[in-house]
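Student: Be aware that the sequence shown starts at 0, since it is given in numbering that gives the first Met the number 0, and climbs by one per residue.
Calculated from the structure, these hints are not laboratory results. A couple of the hints might just be wrong.
[Unchecked claim] Simulated crosslink set (BS3-like; lysine-lysine; CA at most 30 Å straight-line): (1) Lys173 - Lys139; (2) Lys263 - Lys197; (3) Lys139 - Lys155; (4) Lys197 - Lys78; (5) Lys197 - Lys162; (6) Lys149 - Lys135; (7) Lys198 - Lys139; (8) Lys197 - Lys256; (9) Lys149 - Lys197; (10) Lys263 - Lys242; (11) Lys197 - Lys242; (12) Lys155 - Lys89; (13) Lys242 - Lys256; (14) Lys155 - Lys135; (15) Lys153 - Lys135; (16) Lys242 - Lys51; (17) Lys162 - Lys173; (18) Lys135 - Lys198; (19) Lys173 - Lys155; (20) Lys51 - Lys155.
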Amino acid sequence: MLYRRLLILFCTLLAFCSASNAHSRTLFQRRDPKERVIRISLQNVDIYDGIKLLFEKAQIPYSLESVRHEQIISANLQKPFAEALDALLKMSEPPLTYQLENGIYYLSRLEPSASLPVHLDVDNVEAYFALSEVFKQICKQTQENYVLDKAFHKPKVTAHFTKPLREAVETIIKSMRMRLRYVEVDGVHCVIPIEPPKKIRLRVEREDLYEVLNRLCQEAESVPTAYIIIFEHRIDPALHGVKISVRIHDSFVVAMKKIAHAVKLPIVYHFENGVCFINLAPK
Numbered sequence: 000m001l002y003r004r005l006l007i008l009f010c011t012l013l014a015f016c017s018a019s020n021a022h023s024r025t026l027f028q029r030r031d032p033k034e035r036v037i038r039i040s041l042q043n044v045d046i047y048d049g050i051k052l053l054f055e056k057a058q059i060p061y062s063l064e065s066v067r068h069e070q071i072i073s074a075n076l077q078k079p080f081a082e083a084l085d086a087l088l089k090m091s092e093p094p095l096t097y098q099l100e101n102g103i104y105y106l107s108r109l110e111p112s113a114s115l116p117v118h119l120d121v122d123n124v125e126a127y128f129a130l131s132e133v134f135k136q137i138c139k140q141t142q143e144n145y146v147l148d149k150a151f152h153k154p155k156v157t158a159h160f161t162k163p164l165r166e167a168v169e170t171i172i173k174s175m176r177m178r179l180r181y182v183e184v185d186g187v188h189c190v191i192p193i194e195p196p197k198k199i200r201l202r203v204e205r206e207d208l209y210e211v212l213n214r215l216c217q218e219a220e221s222v223p224t225a226y227i228i229i230f231e232h233r234i235d236p237a238l239h240g241v242k243i244s245v246r247i248h249d250s251f252v253v254a255m256k257k258i259a260h261a262v263k264l265p266i267v268y269h270f271e272n273g274v275c276f277i278n279l280a281p282k
């Protein structure tokens, strides 16, 4: 009788421990990648390559449109992803910044004109007028240009401040209550809409992973209004030979997460000048 009771107690404890371990593994798997401590050692490497390695280690998607420049750095980092990224961006000359939108980090140069102060003192005027005023102040100093959509005539804004250009524009955008973002491209200041990501539909059963990724990119290329604009794609040949079964009716970002989860592989991707690169993450 005593033996039977001990056996039942042992089985109960074993089941409890197994459940606890499973719960711990689930929590670990669901942990935000940005909270993971990343360890990288960079010795005399281009900062561009250092940033790429950081994102690939963290398995976080990113875009490095038009930011490549030669600058050699050395650094040993063992920090959470956000802190490590900030540390690398501070090393950059000219400085870099980023915007996080729909799970993708968009890196760009922090243009000197974006930090110049502007003054605005208006009450209940069209947003188009308010934005024009702040851009005109900067363009007179820098000989740059700006482009605004006529749709901005409708919203009304009230603003009284003296702030750096980027902060001023973002303050106006916030008061407009529209999904917009400010960008500066080759000396032209723009305020553009943030479009919701389009959904891509795929259903595959025991197909080659490489071919599925190829089809996914082709679907993204065929949607001209997609949030992520892909003109070309490059897929690591090492992804050939892996079989996958998955159903997708999601944005490109969510689709990539589902595919990586389905095959249990550390797949990473990034964008450069309209080209999507998909690879296995470095060990």
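Student: Now tell me, hint by hint, if it's right for this structure.
Tutor: These are the hints, each one checked on the structure:
1. Between Lys173 and Lys139 the CA atoms are separated by roughly 25 Å; this keeps the pair inside 30 Å, and the hint holds.
2. For the proposed pair Lys263 and Lys197, the alpha carbon gap of about 25 Å is at most 30 Å, so the pair holds.
3. Simply put, Lys139 and Lys155 have alpha-carbon atoms about 25 Å apart, close enough for the 30 Å limit, and the pair holds.
4. Among the hinted pairs, Lys197 with Lys78 is inconsistent with the structure: their alpha-carbon atoms are about 34 Å apart, more than 30 Å.
5. Restraint check for Lys197 and Lys162: the C-alpha separation of about 35 Å exceeds 30 Å, so the hint is violated.
6. Among the hinted pairs, Lys149 with Lys135 is consistent with the structure: their alpha-carbon atoms are about 16 Å apart, no more than 30 Å.
7. At most 30 Å may separate the alpha-carbon atoms for a hinted pair to count; Lys198 and Lys139 exceed this at roughly 43 Å.
8. Our distance criterion of 30 Å between C-alpha atoms is met by Lys197 and Lys256, whose separation comes to about 16 Å.
9. Of the supplied pair hints, the one linking Lys149 and Lys197 holds, its CA atoms being roughly 25 Å apart against a limit of 30 Å.
10. Distance hint between Lys263 and Lys242 is fulfilled; the C-alpha atoms sit about 11 Å from each other, no more than 30 Å.
11. Taken as a hint, the Lys197 and Lys242 pair is honoured in the structure, with Cα atoms around 26 Å apart against an allowance of 30 Å.
12. A distance of roughly 37 Å separates the Cα atoms of Lys155 and Lys89; the hinted pair therefore is violated under the 30 Å criterion.
13. Straight-line distance between C-alpha atoms of Lys242 and Lys256 comes to about 16 Å, which keeps the hinted pair within the 30 Å bound.
14. Distance restraint check for Lys155 and Lys135: the Cα-Cα separation of roughly 19 Å lies within the 30 Å cut-off, and the hinted pair is therefore satisfied.
15. Taking the CA atoms of Lys153 and Lys135, the gap is about 20 Å. The hint holds against a cut of 30 Å.
16. Pair hint Lys242 plus Lys51 holds up; C-alpha atoms about 28 Å apart against a cutoff of 30 Å.
17. Of the pairs offered as hints, the one joining Lys162 and Lys173 holds, with about 15 Å between alpha carbons and a cut-off of 30 Å not exceeded.
18. At most 30 Å may separate the alpha-carbon atoms for a hinted pair to count; Lys135 and Lys198 exceed this at roughly 39 Å.
19. The straight-line distance between the Cα atoms of Lys173 and Lys155 is roughly 12 Å, inside the 30 Å bound, and the hint therefore holds.
20. Of the supplied pair hints, the one linking Lys51 and Lys155 is violated, its CA atoms being roughly 41 Å apart against a limit of 30 Å.
The structure is inconsistent with the numbered hints 4, 5, 7, 12, 18, 20, although it conforms to all the rest.
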